[in-house]
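There are 2 protein chains.
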Amino acid sequence: MAFFEKLNELKAQKNSVLCVGIDPDYEKIPAVVRRQDDFLLTFCQRIIEATAPYCIAFKFNFAFFEAFGAAGWEVLARLRRSVPPHCLTVADAKRGDIGNSARHYAGAILEHLDFDAVTVNPYLGFDACEPFLNYSEKGLFILCLTSNPGAREIQDYPDRDAPLFLHIARRVQEINIHKNCGLVAGATKPDQLRVLCEAVPDLPLLMPGVGAQGGSLDDALQAVPHRNILVPISRSIIYAGEGEDFAEAAGKAAQALQQHMQRYL
Amino acid sequence: MAFFEKLNELKAQKNSVLCVGIDPDYEKIPAVVRRQDDFLLTFCQRIIEATAPYCIAFKFNFAFFEAFGAAGWEVLARLRRSVPPHCLTVADAKRGDIGNSARHYAGAILEHLDFDAVTVNPYLGFDACEPFLNYSEKGLFILCLTSNPGAREIQDYPDRDAPLFLHIARRVQEINIHKNCGLVAGATKPDQLRVLCEAVPDLPLLMPGVGAQGGSLDDALQAVPHRNILVPISRSIIYAGEGEDFAEAAGKAAQALQQHMQRYL
Numbered sequence: 008m009a010f011f012e013k014l015n016e017l018k019a020q021k022n023s024v025l026c027v028g029i030d031p032d033y034e035k036i037p038a039v040v041r042r043q044d045d046f047l048l049t050f051c052q053r054i055i056e057a058t059a060p061y062c063i064a065f066k067f068n069f070a071f072f073e074a075f076g077a078a079g080w081e082v083l084a085r086l087r088r089s090v091p092p093h094c095l096t097v098a099d100a101k102r103g104d105i106g107n108s109a110r111h112y113a114g115a116i117l118e119h120l121d122f123d124a125v126t127v128n129p130y131l132g133f134d135a136c137e138p139f140l141n142y143s144e145k146g147l148f149i150l151c152l153t154s155n156p157g158a159r160e161i162q163d164y165p166d167r168d169a170p171l172f173l174h175i176a177r178r179v180q181e182i183n184i185h186k187n188c189g190l191v192a193g194a195t196k197p198d199q200l201r202v203l204c205e206a207v208p209d210l211p212l213l214m215p216g217v218g219a220q221g222g223s224l225d226d227a228l229q230a231v232p233h234r235n236i237l238v239p240i241s242r243s244i245i246y247a248g249e250g251e252d253f254a255e256a257a258g259k260a261a262q263a264l265q266q267h268m269q270r271y272l
Numbered sequence: 008m009a010f011f012e013k014l015n016e017l018k019a020q021k022n023s024v025l026c027v028g029i030d031p032d033y034e035k036i037p038a039v040v041r042r043q044d045d046f047l048l049t050f051c052q053r054i055i056e057a058t059a060p061y062c063i064a065f066k067f068n069f070a071f072f073e074a075f076g077a078a079g080w081e082v083l084a085r086l087r088r089s090v091p092p093h094c095l096t097v098a099d100a101k102r103g104d105i106g107n108s109a110r111h112y113a114g115a116i117l118e119h120l121d122f123d124a125v126t127v128n129p130y131l132g133f134d135a136c137e138p139f140l141n142y143s144e145k146g147l148f149i150l151c152l153t154s155n156p157g158a159r160e161i162q163d164y165p166d167r168d169a170p171l172f173l174h175i176a177r178r179v180q181e182i183n184i185h186k187n188c189g190l191v192a193g194a195t196k197p198d199q200l201r202v203l204c205e206a207v208p209d210l211p212l213l214m215p216g217v218g219a220q221g222g223s224l225d226d227a228l229q230a231v232p233h234r235n236i237l238v239p240i241s242r243s244i245i246y247a248g249e250g251e252d253f254a255e256a257a258g259k260a261a262q263a264l265q266q267h268m269q270r271y272l
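Respectively, the protein sequence lines represent chains P and L. When you line the first sequence up against the working numbering, it's residues 8 to 272, in that order. When you line the second sequence up against the working numbering, it's residues 8 to 272, in that order.
Derived from the structure by calculation, the hints contain no laboratory data. A portion of the hints provided could be inaccurate.
Unchecked claim - Derived list of chain P stretches under chain L, where covered just means 3 residues or more per stretch with a C-beta under 8 Å from a C-beta of chain L:
| no. | stretch |
| --- | --- |
| 1 | 10-18 |
| 2 | 165-174 |
To be verified - One-sided excerpt, in silico: chain L residues whose CB lies under 8 Å from chain P:
| no. | residue |
| --- | --- |
| 3 | A38 |
| 4 | V39 |
| 5 | Q43 |
| 6 | F46 |
| 7 | T49 |
| 8 | Q52 |
| 9 | R53 |
| 10 | A59 |
| 11 | P60 |
| 12 | E81 |
| 13 | K101 |
| 14 | D104 |
| 15 | G106 |
| 16 | H111 |
| 17 | Y164 |
Ideal Cβ positions, reconstructed from N, Cα and C, are used throughout, including at glycine.
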């Protein structure tokens, strides 16, 4: 089954669009875990086990694993294999390169690591996305409207009437022949999000920015009532607890978010 | 000494602007090396030794190393340490992410791996580049005008009069307070390259696209007579030979390119 079909099925089964963001920051990992040699693997694995019942996907931010070098890459591969089958996996790698290089990135992430979906940067154009697009059973979230303030001077270029992010969204709709494309559209920009949703009514969205970045979960869910979406939330779940019971605290935080979400689903 | 000063000094010392692209593709590595267990390290190390006298930098394309998983990342770290001090190192990682994630990418590449420079994708805006910019002694090449055909529909948006790539180039010039920024500007687009060079007369350029991608070395060098540039060339050097003497062949190919370049320097 293709990625977005699975996503839709899991959404209905689990009454959730929650995607837990696995962003393991050394400084924030509870001291009780950090003392262990395999703290990175242990921390992430226990968070995954505790939150899996409430989410439909895990998003792994590659930056946080690359910060640990080759060891981080090894842990990433092991974690990928430890995700239960009732959750999807998103590689938040934001790769973007041309031809042969893009093929190598796509192979590394979608074949060797075997992630179900990946985030991709469109600045190099859609020929650069093709090696990813060709994996028709995998999902591809193309950066469109990101949640950080500085993104506006690029993504809104040249003006509000015809911003780059809309141009990209429309082109993604055109090239989406395998129905395996979605967009990254931040929950922190409700005005632009509304414009985007009108322009491309069918594209699934990965909607970061809820929680620590200031986006409201209610606004995000109201903006996209009948759409295939994933709402990644990281810090407020994975660092919910600081003691021995950190995984339990993460599970509770994920459960509370799932319960909040199901009112809209 | 800061990156671009070193680059300028090496250019004068070695009469070269050649940057050898280390893109180790399993299919293209000579069979005689591929038989060895440590073929990836051996191949790259011998290419580096043979070509170092003729180039002033090595550019490591992360896609090709990530294709080998954690082992590839380990080899990348070892290769970085094996580059002689009379050559600079460029991490061709094309990373782009926001806030905390960007900080982790920057730390991984510029601190832990200790590369001298890195390529960065500007689609997320310049706040996303800041963690890289803050390493004032390191070099930052921001993607601007890439060498692939499909890039045009994004980078020339919305039209020829005010294309996105020019907007980005001008903004890079403004934010370049540490004088540690350059642009990636492909040698395959001489018309746009000329426009770019007029708009930002002082920014250094990393100019891919010469050789296998169809760009002409002469056109590229004539376009930027008095500028700090780096010309990365990969395939026609590192795969110049297929037999036992593959490293010698790579050295000869690099030497021929350096001799060709010095006419313009």
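Each hint, compared with the structure:
Only residues whose C-beta sits within less than 8 Å of a C-beta in chain L count toward coverage, and the stretch 10-18 of chain P has 0 of them, not enough to reach three; the restraint is violated. Coverage of a stretch by a chain is defined here by at least three residues with a beta carbon nearer than 8 Å to that chain's beta carbons; for the stretch 165-174 of chain P and chain L the count is 4, and the condition holds. Annotation: interface hint on A38/L violated; nearest CB of chain P at approximately 20 Å, more than 8 Å. Proximity of V39/L to chain P is violated relative to the hint, the smallest CB-CB distance being about 22 Å (cut-off 8 Å).
Interface restraint check: Q43/L against chain P, minimum CB-CB distance 20 Å, threshold 8 Å, status violated. Nearest Cβ of chain P to the Cβ of F46/L: about 16 Å, over the 8 Å cut. The hint is violated. Hint status for T49/L relative to chain P: violated, with the closest Cβ pair at about 18 Å, above 8 Å. Nearest Cβ of chain P to the Cβ of Q52/L: about 17 Å, over the 8 Å cut. The hint is violated.
The restraint placing R53/L at the interface with chain P is violated, with a minimum CB-CB distance near 21 Å, outside the 8 Å limit. Annotation: A59/L was flagged as interfacial toward chain P, and the flag is violated, the nearest CB pair being 23 Å apart, outside 8 Å. Look at P60/L: its Cβ only gets to about 27 Å from chain P, farther than 8 Å, so that hint breaks. The restraint placing E81/L at the interface with chain P holds, with a minimum CB-CB distance near 4 Å, inside the 8 Å limit.
Of the supplied interface hints, the one on K101/L holds, with its beta-carbon coming within about 5 Å of a beta-carbon of chain P, less than 8 Å. Contact between D104/L and chain P, as hinted, is supported at the beta carbon level, the nearest pair being about 5 Å apart and thus within 8 Å. Using the Cβ-Cβ criterion of 8 Å, the hint placing G106/L at the interface with chain P is satisfied: the shortest such distance is roughly 7 Å. Taking 8 Å as the C-beta cut-off, the interface hint given for H111/L holds, the closest approach to chain P being about 4 Å.
Checking Y164/L against chain P: minimum C-beta separation of about 6 Å stays under 8 Å; hint holds.
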